[in-house]
Structure formats: C-alpha cells, structure tokens
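> Listed below are the residues making up each chain.
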Amino acid sequence: MTVASTSVATTAAPAPAGAAGPPATRKPSLILFALPALLFFVVFAIVPLLGVIVLSFTKWNGIGAIVFNGLATWQDTLTRPTTWNALWLTVRIVILSWLAQTPLSILLGVFVAGHQRYRQVLAVIFFLPLLLSSAAIAITYKTLLDPNFGLAAGLNIPLLAQNWLGDEVLVWFVLIFIISWQFIPFHTLIYQGGVRQIPKALYEAAEIDGAGRLKQFFYITLPQLKYTIITSSTLMAVGSLTYFDIIFVLTTGGPGTSTRILPLDMYLTGFRGSEMGVASAIAVMLVVIGLSLAMAVQRLGGKGSRGSQMDGM
Amino acid sequence: MNNRNPRTWNWFGGAAGWLWLAIIIIPIYFVFVTSFKTTSTYFGSNPLALPAPFTFDNYVRVVEANFIGYLVNSVIVVIGTVGPLLIFAFMAAYAIVRGEGRLIRFVQRGFLLGLAIPVQATIVPVYLLIITMHMYDSLPALMLPGIAFGLPLSILILANFIRDIPNELFESMSLDGCTEWQKLWRLAFPMTQPALVTVAVYQALLSWNGFLFPLILTQSPGKRTLPLALWAFQGEYATDIPVVLAAVVLTLAPILVLYAFGRRYLVSGMTAGVGK
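Chains as they are written, first to last, in this note's numbering: chain E, 13 to 325; chain S, 465 to 740.
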C-alpha cells in the first residue's frame with residue numbers, strides 16, 4: 013500500500029500545473045453508482061408518468077384487459093359534469109387555502125423569528141401538526157366537530173353544534189381551517205427562515221429614520237420576503253392540488269360532490285367507479301395544472317427566485 | 465442575539481402567536497385526554513376535562529384490534545423504504561457530484577425534474593405496474609414507489625453535502641490508491657452523516673404517515689399500515705370516540721418520541737428542499 017501510494021505521488025506531483033486539479037479524479041464510470049437509484053426512478057416514477065398519458069387514451073376497468081379507446085376517453089372525461097365541478101373546486105381550494113394560509117404564516121413566521129426563548133418554545137409546539145398523518149388529523153376533527161358527540165355538545169355551546177361536515181357551505185370553512193391547521197406550521201417555518209436572513213442593518217437604519225413597527229414591516233420585512241413568498245406560494249399552490257388524504261377521510265368528497273376536488277375525483281372514478289382511463293385523463297390534467305401553476309407563480313415573481321434562503325442547504 | 469426592538473412590543477404578532485398556540489394545542493390535548501376516558505364518562509361531560517376515572521381500557525381494545533400488527537407493518541414498510549432509499553440516493557448523489565460526462569449531467573437533470581412530479585397523478589399506472597408484477601396486497605408493493613418518489617429530494621440534499629467535502633480529501637485518498645468505491649464509503653459516507661440522518665428521519669416520517677399507496681396497493685386487513693388501519697378502525701368504531709382517539713395516540717406516539725430526540729433533523733429535513 014505505502015509503496016504504491018508513494019509511487020503514485022511522485023508521478024502525480026508535476027501534473028497539477030497543467031490539469032487544473034479535479035478532472036483527474038472525476039470519472040464518467042461513476043454512473044454505475046447511480047444505477048440502482050436510476051432503475052427505481054425510471055421504473056416507478058418516469059414509466060408511470062408516461063404511462064398515465066398512454067392510459068388516458070384507453071378504457072380499463074382495473075381488472076380486465078386494457079382496450080385502446082383513442083380520443084373517446086378524453087371526450088368522456090371532458091363532457092362529464094363531474095370533471096368540471098372537480099376542476100372548479102380545485103381552483104377554489106387553491107385560492108382559498110392560499111388566502112387563509114399566507115397572511116397568518118407570514119405573521120407567525122415573523123413572530124417566531126424573534127430570538128426570545130418563549131418564542132422558540134412556541135415554535136417547537138407550532139411544529140406538532142406536521143408530525144401527524146392526514147388520516148389522524150381528519151379523524152380527530154371529525155370527532156371534535158361531531159354535532160352530537162363532539163366538542164360543542166360536551167361544552168354545551170349550541171352555536172358550535174352545527175352540521176359542519178354535512179353542509180355544503182360550512183364544510184368548506186372546516187376544510188380550509190383544517191388545511192391551515194395542518195400546513196401553516198410548515199410555511200411558518202419557511203418564513204421564519206426568510207425573516208432571519210433579512211440584514212439587521214436595514215431595521216437599524218429605519219429606526220434612526222424614526223420608522224415604527226408597522227412601517228418597518230411594510231417597507232422592509234415584506235419586500236425583503238419577496239422570494240420567500242414566491243417559494244411558499246409555489247409549494248402551497250402545488251400542494252393544495254394534492255390534498256387527497258385529508259378530504260378523503262373527512263368527507264370522501266361530500267356532501268354530494270361539494271368537496272370532490274380533482275385528485276379525489278380521479279381516485280373515486282378510477283378505483284371506485286372502475287374507469288381507469290378517465291382517471292388517467294384526470295391525472296394528466298392534474299400534472300399539467302400543477303406544472304403551469306408552479307411556472308405561473310415563479311413568473312409572477314420574476315425570474316431568479318433561487319437564492320437559497322433556507323438553512324444554507 | 466438580543467431582541468431586535470425592545471422599545472415597542474409586537475402586539476399583533478404576539479396575539480397571533482398565543483392564539484395559534486391555543487388552536488394547535490386544543491385538538492391535540494383533546495385527543496390525549498379523551499383516550500384515557502371511559503366511553504360512558506366521555507358522553508355528557510366536559511370534553512376538555514381531565515379523565516375521571518382514568519382508564520387504559522381503550523388502549524387494550526385498540527391492541528386487541530390488531531394495532532400491534534399494523535404497527536409492525538408500518539415499521540417494516542418504513543425500514544424497507546428508507547434503508548434502500550438512503551443507500552441508493554447516497555450513491556447517486558456521489559456519482560452526480562464526483563462524476564463527469566454528459567450522461568451523468570442528464571441523470572442529474574432528470575432527478576431534479578423528478579421533484580415536480582405529483583405522486584398522486586401516477587397512482588393508476590403504479591397500480592397497474594404492481595398488479596403486473598404480482599405484488600398487489602403485499603408490503604414490498606408499498607416500498608417500491610416509496611423509494612422511487614423519495615429519491616429526487618434525497619439526492620438533492622445529499623449532493624449538496626457531498627459537494628462541501630474538500631477536494632483535497634478525495635485527492636489524498638486517490639494518492640493512497642483508494643478506489644472510488646472505497647472513497648464513497650470511507651470518506652463521503654462518514655462526512656455526510658448529518659445529512660443522511662436528516663434524509664432518513666424525514667423520509668421515515670413521510671413513509672410512516674403515507675396513506676395513498678396503502679389505500680390503492682393493499683386490500684386485506686393483515687397488510688394495513690397504521691394510517692389506513694386508523695381509517696378503517698374509525699369506520700367500525702365511529703361512535704366509540706375514546707377508543708378511536710386511543711388509536712390516534714398510538715399512531716402518533718412513536719413520532720413524538722422521534723421528535724423529542726431528533727427535532728433538529730426533522731426541521732432541516734422539512735425545509736431542505738425549499739432552498740432550491
């Protein structure tokens with residue numbers, strides 16, 4: 013070993029002058045190390061992604077043979093009223109959950125960005141909902157909100173004893189509330205990181221100029237958080253397309269079809285209604301909407317929203 | 465670091481902070497307290513009062529409903545997903561950082577794009593794939609897509625860490641005649657440890673809480689993982705609220721323990737993907 017290493021050392025020594033270091037040590041054969049990951053990724057992510065496009069032109073009940081159906085499946089999908097209802101509900105959930113979550117997340121993010129000890133303790137507790145499964149959260153709220161056995165009945169507050177999950181309007185308040193409960197902690201975390209990156213000097217300068225708290229917030233904090241807002245909004249918008257588990261367990265799309273958003277419609281149509289072709293067409297719509305939403309939010313905030321703002325990762 | 469501005473107290477933020485604390489805590493408190501109440505005392509009493517009498521019966525009934533079995537299933541799926549995921553992602557990240565050539569850059573871009581694939585949109589083809597492989601209604605069926613969809617983010621995080629290892633260390637190992645395989649495990653692996661733990665903890669949480677794949681890829685009760693079992697259990701015991709909530713606590717308890725010991729890793733795992 014030692015003999016070999018010294019001989020390599022002597023031959024390698026003069027090299028650095030010409031070959032600028034790294035190239036000698038970097039090898040194309042390393043692709044072999046990526047093979048296991050590549051195999052899994054291609055088979056279980058890329059193939060399904062392309063497969064869903066192919067399946068959207070077929071007819072399949074989930075058990076029998078898959079039959080080519082051409083554009084007829086798309087025609088079916090686009091002429092079903094359920095699809096358009098689901099699409100509209102999806103737009104609604106994206107917008108409403110953004111409106112509910114963003115101001116609160118910013119407010120709480122600014123709050124827990126302070127270095128006071130009690131705020132750190134609060135931040136630890138704020139994180140708790142992120143640990144729970146959507147199923148557990150939905151079941152907890154189902155229990156809490158039950159008009160006969162829930163919180164309202166036990167506390168004897170008739171006003172709270174509404175048919176929360178059985179009313180087409182109320183159910184949306186509940187849904188947005190629970191989604192906020194579950195995901196605001198995550199966005200608070202993002203904003204906390206963003207706020208901590210704002211240079212202190214900006215606030216010191218503002219203070220010398222006599223700017224108050226509120227002015228500092230609107231003229232320094234908010235503009236400085238621009239890229240954080242874009243990041244958080246992108247994740248929120250794309251994320252709200254995928255709220256499946258929580259709604260599935262909470263309402264299964266009901267009452268009626270009033271909470272049957274696209275991913276839920278896709279699941280129910282495919283796996284309950286045995287129309288896998290139509291489900292695949294809906295899945296393609298979901299992918300397209302997701303990508304265009306992400307791109308739209310990025311475009312809206314201007315390019316170059318990279319700026320690694322989190323934890324230096 | 466001191467308070468930024470001790471002169472004025474941030475009333476608005478303070479109010480929001482404490483109010484939010486109540487909103488977070490009340491449901492969680494309700495779940496814990498109720499899980500120790502008898503069904504008869506739960507009805508008609510203050511749901512937020514402490515349990516009197518205090519009982520473990522609900523937990524006994526949850527265990528009798530085979531929740532230990534579901535817990536074991538969940539543990540198997542988490543280990544079977546996170547183990548291979550971690551090794552494959554680490555090796556791929558190493559190849560991306562240390563390797564060269566058009567092929568590797570192409571692979572790197574592919575994994576980056578993978579971050580944008582919405583998992584849910586792939587459930588029909590994944591289901592088709594699993595039944596074609598005759599793996600429907602088995603625990604490995606849950607691991608395979610779990611590994612695949614965990615890869616892009618894991619590779620991203622690990623690659624960022626491997627990139628930070630000083631090049632001189634790799635060079636000196638080359639001078640000692642070490643192969644890339646030895647550098648991978650003797651140098652990069654120990655030096656990437658914090659990131660590996662972060663990725664492992666975060667992916668374990670995702671896998672533990674996963675609902676969609678168990679829903680579409682399993683059928684028999686014996687193959688249920690905890691979230692799915694919880695959902696089925698709730699359907700059967702809908703009116704027996706303390707028992708249902710005891711089941712909720714049981715699924716949550718292991719993560720709370722994890723959170724107590726590895727909070728730092730969980731938080732950085734959650735936010736790691738955001739910077740990019």
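Read the hints as simulated data drawn from the structure, not as lab findings.
These figures come from a predicted structure and were not determined experimentally.
A hint or two may mislead.
[To be verified] For each label pair, taking beta carbons as the anchor points, the in silico distance ranges come out as:
| # | chain 1 | residue 1 | chain 2 | residue 2 | range |
| --- | --- | --- | --- | --- | --- |
| 1 | E | Tyr231 | S | Asp601 | 55 to 65 Å |
| 2 | E | Val54 | S | Val539 | 48 to 58 Å |
| 3 | S | Val539 | E | Asp221 | 40 to 50 Å |
| 4 | S | Ala513 | E | Gly224 | 52 to 62 Å |
| 5 | S | Ser684 | E | Leu171 | 41 to 51 Å |
| 6 | E | Ile78 | S | Met655 | 47 to 57 Å |
| 7 | S | Asp628 | E | Lys227 | 36 to 46 Å |
[As the list claims (entries may be wrong)] Residues from chain E shown here face chain S by an in silico Cβ test under 10 Å; the list is partial:
| # | residue |
| --- | --- |
| 8 | Ala147 |
| 9 | Ala165 |
| 10 | Ser192 |
[To be verified] Covered stretches of chain S, as calculated for chain E (at least 3 residues, CB under 8 Å):
| # | stretch |
| --- | --- |
| 11 | 526-533 |
| 12 | 538-546 |
We treat Cβ as the ideally placed atom computed from N, Cα and C, and that holds for glycine.
> Look at each hint and say if it fits the structure.
For each hint, the structure was consulted:
In this structure the supplied range 55 to 65 Å holds for Tyr231 (chain E) paired with Asp601 (chain S), their Cβ-Cβ distance being about 59 Å. Distance hint check for Val54 (chain E) and Val539 (chain S): the Cβ-Cβ separation is about 28 Å, which falls outside the suggested range of 48 to 58 Å. At roughly 58 Å, the beta-carbon separation of Val539 (chain S) and Asp221 (chain E) lies outside the given 40 to 50 Å, and the hint is violated. Checking the proposed 52 to 62 Å range against Ala513 (chain S) and Gly224 (chain E) shows it is violated: the Cβ atoms sit about 44 Å from each other.
Between Ser684 (chain S) and Leu171 (chain E), the C-beta spacing of about 44 Å keeps the proposed range 41 to 51 Å intact. At about 49 Å, the beta-carbon gap between Ile78 (chain E) and Met655 (chain S) stays in the expected band of 47 to 57 Å. In this structure the hint that Asp628 (chain S) and Lys227 (chain E) lie 36 to 46 Å apart at CB holds, the actual value being about 40 Å. Taken as an interface hint, Ala147 (chain E) checks out: its beta carbon lies about 4 Å from the nearest beta carbon of chain S, inside 10 Å.
For Ala165 (chain E), the interface hint holds, the least distance from its beta-carbon to any beta-carbon of chain S being 8 Å, beneath 10 Å. About 9 Å separates the beta-carbon of Ser192 (chain E) from the nearest beta-carbon of chain S, less than 10 Å, and the hint is met. With a cut-off of 8 Å between beta carbons, the stretch 526-533 of chain S has 0 residues touching chain E; three or more are needed, and the interface restraint is violated. Here the stretch 538-546 of chain S counts 0 residues with a CB under 8 Å from a CB of chain E, which misses the bar of 3, and the coverage is violated.
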